[in-house]
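Chains as they are written, first to last, in the numbering used here: chain G, -9 to 376; chain W, -9 to 376; chain H, -9 to 376; chain D, -9 to 376.
Hints in this document: simulated from the structure, not taken from any laboratory.
There's no promise every hint is true.
Same chains, same label: a pair holds when it works inside one copy or across any pair of copies.
Straight-line alpha carbon distances no greater than 30 Å define the calculated BS3-like cross-link-like pairs of lysine-lysine that follow [what the hints assert, rightly or not]: (1) 318 / 210; (2) -3 / 11; (3) 89 / 122; (4) 219 / 237; (5) 155 / 255; (6) 319 / 206; (7) 206 / 318; (8) 259 / 57; (9) 89 / 9; (10) 57 / 219; (11) 374 / 319; (12) 259 / 219; (13) 122 / 374; (14) 89 / 11; (15) 57 / 122; (16) 319 / 190; (17) 374 / 219; (18) 255 / 210; (19) -3 / 122; (20) 373 / 190; (21) 190 / 165; (22) 210 / 319; (23) 210 / 155; (24) 237 / 57; (25) 11 / 57; (26) 318 / 237.
All figures in this text were calculated on a predicted structure; none of them were measured in a lab.
Number of protein chains: 4
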Amino acid sequence: MTLSLKKQFHNTRNAFVEKCKPLQVEDYSVQPVDFVSPPKWHLAHTTWFFEQFVLVPHMPEYSCFDKDFAFLFNSYYEAVGERVMRANRGLMTRPSVAKVFEYRAHVDEHMLRFLDSDVVLEVQSIIALGLKHEQQHLELFQYDIKYILGHQPTFPHLYQDENLKDVSTSVEFLKIEQGLYDIGYNANGFCFDNELGYHKVWLEEFQIANQLVSNKSYLKFIEAGGYNKSEYWHAEGWDFINEFNIKCPMYWHQIDGVWFQYTLKGLQKLNLNKPVIHISFYEAWAYCEWSGQRLPTEFEWEVASFDFNWGEAWEWTNSAYLPYPNYKKEEGAIGEYNGKFMVNQMVLRGASVATFEEHSRPSYRNFFHPQLRWMYSGIRPIKKHE
Amino acid sequence: MTLSLKKQFHNTRNAFVEKCKPLQVEDYSVQPVDFVSPPKWHLAHTTWFFEQFVLVPHMPEYSCFDKDFAFLFNSYYEAVGERVMRANRGLMTRPSVAKVFEYRAHVDEHMLRFLDSDVVLEVQSIIALGLKHEQQHLELFQYDIKYILGHQPTFPHLYQDENLKDVSTSVEFLKIEQGLYDIGYNANGFCFDNELGYHKVWLEEFQIANQLVSNKSYLKFIEAGGYNKSEYWHAEGWDFINEFNIKCPMYWHQIDGVWFQYTLKGLQKLNLNKPVIHISFYEAWAYCEWSGQRLPTEFEWEVASFDFNWGEAWEWTNSAYLPYPNYKKEEGAIGEYNGKFMVNQMVLRGASVATFEEHSRPSYRNFFHPQLRWMYSGIRPIKKHE
Amino acid sequence: MTLSLKKQFHNTRNAFVEKCKPLQVEDYSVQPVDFVSPPKWHLAHTTWFFEQFVLVPHMPEYSCFDKDFAFLFNSYYEAVGERVMRANRGLMTRPSVAKVFEYRAHVDEHMLRFLDSDVVLEVQSIIALGLKHEQQHLELFQYDIKYILGHQPTFPHLYQDENLKDVSTSVEFLKIEQGLYDIGYNANGFCFDNELGYHKVWLEEFQIANQLVSNKSYLKFIEAGGYNKSEYWHAEGWDFINEFNIKCPMYWHQIDGVWFQYTLKGLQKLNLNKPVIHISFYEAWAYCEWSGQRLPTEFEWEVASFDFNWGEAWEWTNSAYLPYPNYKKEEGAIGEYNGKFMVNQMVLRGASVATFEEHSRPSYRNFFHPQLRWMYSGIRPIKKHE
Amino acid sequence: MTLSLKKQFHNTRNAFVEKCKPLQVEDYSVQPVDFVSPPKWHLAHTTWFFEQFVLVPHMPEYSCFDKDFAFLFNSYYEAVGERVMRANRGLMTRPSVAKVFEYRAHVDEHMLRFLDSDVVLEVQSIIALGLKHEQQHLELFQYDIKYILGHQPTFPHLYQDENLKDVSTSVEFLKIEQGLYDIGYNANGFCFDNELGYHKVWLEEFQIANQLVSNKSYLKFIEAGGYNKSEYWHAEGWDFINEFNIKCPMYWHQIDGVWFQYTLKGLQKLNLNKPVIHISFYEAWAYCEWSGQRLPTEFEWEVASFDFNWGEAWEWTNSAYLPYPNYKKEEGAIGEYNGKFMVNQMVLRGASVATFEEHSRPSYRNFFHPQLRWMYSGIRPIKKHE
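So that you can see chain G by itself, here it is in the shape it has in the complex (with noise of 0.2 Å):
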């Protein structure tokens, strides 16, 4: 098995530079809204969960690439001490991005060869959540850098293109009898700790859509006045819209009565047999609000995903990010890593365009506060009872 983490922990490390060959250096350091991280901070951050958390700890003869690092690129584990606050990250031009991918390399190096010695097991675990944790951010830093492209005046393409299947435009309801369902994670490979706590819920019969909702559909949600009705959204999503002056997913653009939408390889004229995307949970509730329908819960999402394609996007679902029973968090930082965020987030099931191959399971749950839009996020709708 070390050998096998080796090939994952080289084949993770380089989708991240690969994934970096078509940026300037600019684009690296700024940090337009405090949810966006610069993506130079991505790449060192990364890399510094594998150097405190392995290299320090287990590999003696190393030595720190540079003392800063740890204080300039620790993000949230308060256990290991002072850190840059969030919203300051957009200001550190030092070090620059070459110095970052040279902090990369090193690491990497002594990575590689620390895995070629005998790594004990609790080691080897570490080593497998940094390279999920990396896989998360591969994920950020893909919302991150369309985010400030997409914000440029001047609409850069960046990538070929962002492979989003068309949806059927007939869509169909599976339906799944009511019963005592078992939830989360039951096997062998690796799952968050949010995943675990295997347990029974108990669900109504439901109907629920096998695919997402397309921008067709949503346009007519539009077009029928949506955002300006309030009786289709949560209170604290109608204030949302206004004080931001919402009318339309993030990336839309109405230009000369005609709708763009900003992708990955610039701006586009608006595709309607796409799903929709880049919404936050405030507007597909209030989408399925506005047709008659509901969105699932997380443990609706899970019992039915067996039976329809997901991957495309995440799925804003009806439950809030709590643990399950019995939930443990670790000991020490590594700890930190889930539970300290269950609370005011809700769970998105499924996986994006941007999720590494792999990076995805049913019983994996993903979360974002109600308002946030920058990520690949969709509707999968309920049948309402009569």
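With chain G held as given, fit chains W, H and D onto it using these hints.
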């Protein structure tokens, strides 16, 4: 039943006026923070409910007391038209308090006359809802009065006592077996729409405390440095207590090394045998983390509540406020009552010393944002599995 | 002179109480914005001045009415100790208005007794300053009352009228020759420290209007798009009117195409022949830019003021509030009266309809931040040289 | 003169490029606070000035380098059209730094060709203004670079030194007689419009220091508790230093009891013999209050400046930035240069070590908001009369 409704109307409306007696005119109009409403506003808004939803549509000969009042005292019903921004309520010096009491008398007189007539069932329901609405405001009114007076530099004395009972020095834990339980309201009396959708929930075995956490126990948490160790807190809870420099429950004051607590009777020495109250969800959760326990879910609470005493303080659960399966919101303005708040709030169960008699039942779902502390809120822990 | 000081004391203190008569208790305690103080606070603070600076140090048998009041009603004298934050004054419901009037009566009684004794000259000066201080607050009190009531949705009627005189339909310009002029107070009566430092200023020839700009003229500026053209505005003025969406003077309301103005008599049709009032420095300056004129400096105003009528509204000058040559601030708390405000404010000269009789002279220097508009402020232009 | 203008053009433009050499690409794009502009922006904006005001209107064969740049790099000229909000400049990752240098080269090449032709006087004036504009930005550029690097956790070293001269250990005071003096620019060279309006000012006798206040003297003020005593401060200054927890000049750091100062050479031990710099107007004023002195007016400074050395640091005066008598702003966009900033700012006189050679004269009026400290600003006191 019309007769009994009239009696209920009389009792509830009078209880409010009775509670006002110790106030001074100046106490009625201020709004020290967003979540507190001026007492005058509660008096008028609850009256407006009956005028707007009963007298205007159903009593043809009724003429409005003052046409401006609909604008001034609508709280949040978007469907009913423009309203004064919540944050500006504390600036309304006119109408005077005396005028608001006239308004109450005017509406009461017409309501009592109306209740002598033959009231159709649908309108009876609205009146019953209006009374429950008023009872809720009567409770909020007490929180707000306490906040307003408890933040005067002079700590005025208002009522005789808040009447919380002592907790026992030895807590016991009640064991509930795993199984499929029924949740929600399933009888013929009044309940809110958020309790409907009677449904099954599977619970694992758990052991729940037979009483609330005492000031004495909570003080140990403080003295153990609980407010200074990030490991016990949600990330957002940690930010919250640091931003507002929170070091103890609301209304606690340490003066020359001695702990005091503001009560409606004035500033008192902290009584260690009373339940700890005026804490946020974040504090309740952190206390449990520190003591190796956890908060119940609202379902665990509801199932277990038949076996312990409750009613002193609202009990924080670790359940987010979300709709039950098959939740249906009412048509029109009344439908804005509950559903649109089902995001970003946590459920509290039970009742408090400020709750109107008969305004409580095991299925009752109260809810507040996790940082709020000005209500009577407490902690009932569950043992963690080893 | 002690006798006459007693008479002055009596007159000023009574004038304040007289002005309170049309208020309701509720009007006294609110603070809608930072720059408005609750009326109750004015009543107590002016009283505290005499208690703190006269009775406590100079009348041995005097005992304080309430020892908390020093903390509650100190406005800004850092040297005198802790004080309630300005922005929290509107939350003090206790002491009651009735108690504050008792406080006034208590202090007045002792002051009058004190004034019957042999008062040394130095203390006479402090009392005289206290009366001027009270007269200033009496004027601010009127601005604040107008703001509080003018921002009620119901526009209440309070006094009979604000008594501004009509301006003539044809303005004349008075020519003042260039030369070296004397500026500042140079007689034996009372003046503030900021008027001392009698000194010479060289002025170029100028021509100044013999009356204030009328509502009619100002309306032309509005109708010419004055609020939409950046070229007339200071950069910070332009930002200010855009941030707060300002399109006309404070208290003007355009209802169905007709202009109204809130006055202390209630909402009135705009009278075109009255001087324009309730404008910021930015608006005064922009009006002048638009009309090809300019504002006077405070020195030009002082020199020319002997030749025109003034006293309707404070007249914005283009002078910043700065010390005169050889300005000396007093020792101790009294020294905080003026000097520490000499930055970021503009000078206004003259007096207004709210100014206490005898509280005005040509050398009087009033000052406000350039964005403020709730005082009676107007415009007297100077011709620009071609 | 066209020849000499070409030479000036060449020198100024090259000086900017020269100053950029030690920067890394990452340093160019950040904007840590509102008042700092990203270095890239300075480079492009100064170039845009020549393109917009010279090449586009006066060189028929010229075609714009990129039509988006007018939008991206207009700073504040409302008359010239839409512009990127000041606070968003730090988010522009595109165009790249390399592209901006291409833009400079493109415009320089055309400007030099244009300067070879017969340039009419009016356009010569605009070019001269453009060069002075560029020299101002070159100075701001140095402040901004220092701010960006001085706020990196790693305190990078950039240039050799900032070259401030030692002050003498014994200060002398120069006496200036009272009298009527001439103020403003009255020669044939270049000056800004704010220096015109040559006019007389009467001054009382005064005595002004022959050198700037040293770090040593300023440290005494700190050690005497100057930052903790409200009596030395303007009310707004006191609020400012408390809100931002300011205890010393910008770039001073006390580490283990020893004072250091960040300079462009890196973190250095504080040199007590250098003039104190990087202080706000509030600090300059408070220092004078503490030491029983005062700041000069800008007129006193201008009259006395012929008798002392200056040019190390801009010297705060106690004069607000206001128009001289008969000040006339230019027509069109150029007219936005100075006049619209004449409110809420204080005048500084002299020049600093970052000022371009030849960009200084005794009549030069620099101006900043009173709280700003990131420029090279110092203190030259005047004795107070006894």
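Evaluation of the provided hints:
For a Cα distance limit of 30 Å, the shortest separation of residue 318 from residue 210 across copies, 24 Å, qualifies, whereas the shortest one inside one copy, 45 Å, does not. Taking CA atoms no more than 30 Å apart as the test, residue -3 paired with residue 11 passes inside one copy only; the shortest distance there is 22 Å, against 42 Å between copies. In this assembly of identical chains, residue 89 and residue 122 lie within 30 Å of each other by CA distance solely inside one copy; the values are 24 Å within and 38 Å between copies. Taking the shortest alpha-carbon separations for residue 219 and residue 237, both the intra-copy value of 12 Å and the inter-copy value of 29 Å come in at or below 30 Å.
For a Cα distance limit of 30 Å, the shortest separation of residue 155 from residue 255 inside one copy, 16 Å, qualifies, whereas the shortest one across copies, 56 Å, does not. With identical chains, the CA atoms of residue 319 and residue 206 are at most 30 Å apart between copies only, with a shortest distance of 27 Å across copies and 43 Å within one. Within a single copy, residue 206 and residue 318 get their C-alpha atoms only as close as 43 Å, which misses the 30 Å cut-off; across copies the closest is 27 Å, which meets it. For the homomeric pair residue 259 and residue 57, the shortest alpha-carbon distance between copies (23 Å) is at most 30 Å, but the shortest distance inside one copy (48 Å) is not.
In the homo-oligomer, the alpha carbons of residue 89 and residue 9 lie at most 30 Å apart both inside one protomer (18 Å) and across protomers (23 Å), since each shortest distance falls under that limit. In this assembly of identical chains, residue 57 and residue 219 lie within 30 Å of each other by CA distance solely across copies; the values are 25 Å between and 55 Å within a copy. In the homo-oligomer, the alpha carbons of residue 374 and residue 319 lie at most 30 Å apart only across protomers (12 Å), although the nearest pairing inside one protomer, at 36 Å, exceeds that limit. Taking the shortest Cα distances, residue 259 and residue 219 sit within 30 Å of each other inside one copy (27 Å), while across copies they are farther apart (36 Å).
With identical chains, the CA atoms of residue 122 and residue 374 are at most 30 Å apart between copies only, with a shortest distance of 28 Å across copies and 37 Å within one. Taking CA atoms no more than 30 Å apart as the test, residue 89 paired with residue 11 passes in both settings, with 16 Å inside one copy and 19 Å between copies. For a Cα distance limit of 30 Å, the shortest separation of residue 57 from residue 122 inside one copy, 25 Å, qualifies, whereas the shortest one across copies, 44 Å, does not. Taking the shortest Cα distances, residue 319 and residue 190 sit within 30 Å of each other both inside one copy (20 Å) and across copies (28 Å).
For the identical chains of this complex, residue 374 and residue 219 are intra-copy neighbours only, at 20 Å inside a copy versus 45 Å across copies, given an alpha-carbon limit of 30 Å. For the homomeric pair residue 255 and residue 210, the shortest alpha-carbon distance inside one copy (26 Å) is at most 30 Å, but the shortest distance between copies (52 Å) is not. Only within a single protomer do residue -3 and residue 122 lie at most 30 Å apart by alpha-carbon distance; the minimum there is 14 Å, versus 60 Å between protomers. Taking identical chains as interchangeable, the C-alpha atoms of residue 373 and residue 190 lie at most 30 Å apart whether they share a chain (23 Å) or sit on different chains (20 Å).
Taking the shortest alpha-carbon separations for residue 190 and residue 165, both the intra-copy value of 20 Å and the inter-copy value of 19 Å come in at or below 30 Å. In this homomeric assembly, residue 210 and residue 319 come within 30 Å of each other (Cα to Cα) only across copies, at 23 Å, whereas the closest approach inside a single copy is 44 Å. Taking identical chains as interchangeable, the C-alpha atoms of residue 210 and residue 155 lie at most 30 Å apart only when both belong to the same chain, with a minimum of 20 Å there against 58 Å between chains. Taking identical chains as interchangeable, the C-alpha atoms of residue 237 and residue 57 lie at most 30 Å apart only when they sit on different chains, with a minimum of 29 Å there against 47 Å within one chain.
Proximity of residue 11 to residue 57 under the C-alpha cut-off of 30 Å is found in both arrangements, the shortest distances being 28 Å within a copy and 28 Å between copies. Taking the shortest Cα distances, residue 318 and residue 237 sit within 30 Å of each other only across copies (27 Å), while inside one copy they are farther apart (41 Å).
The earlier numbered hints are all upheld by this structure, with none contradicted.
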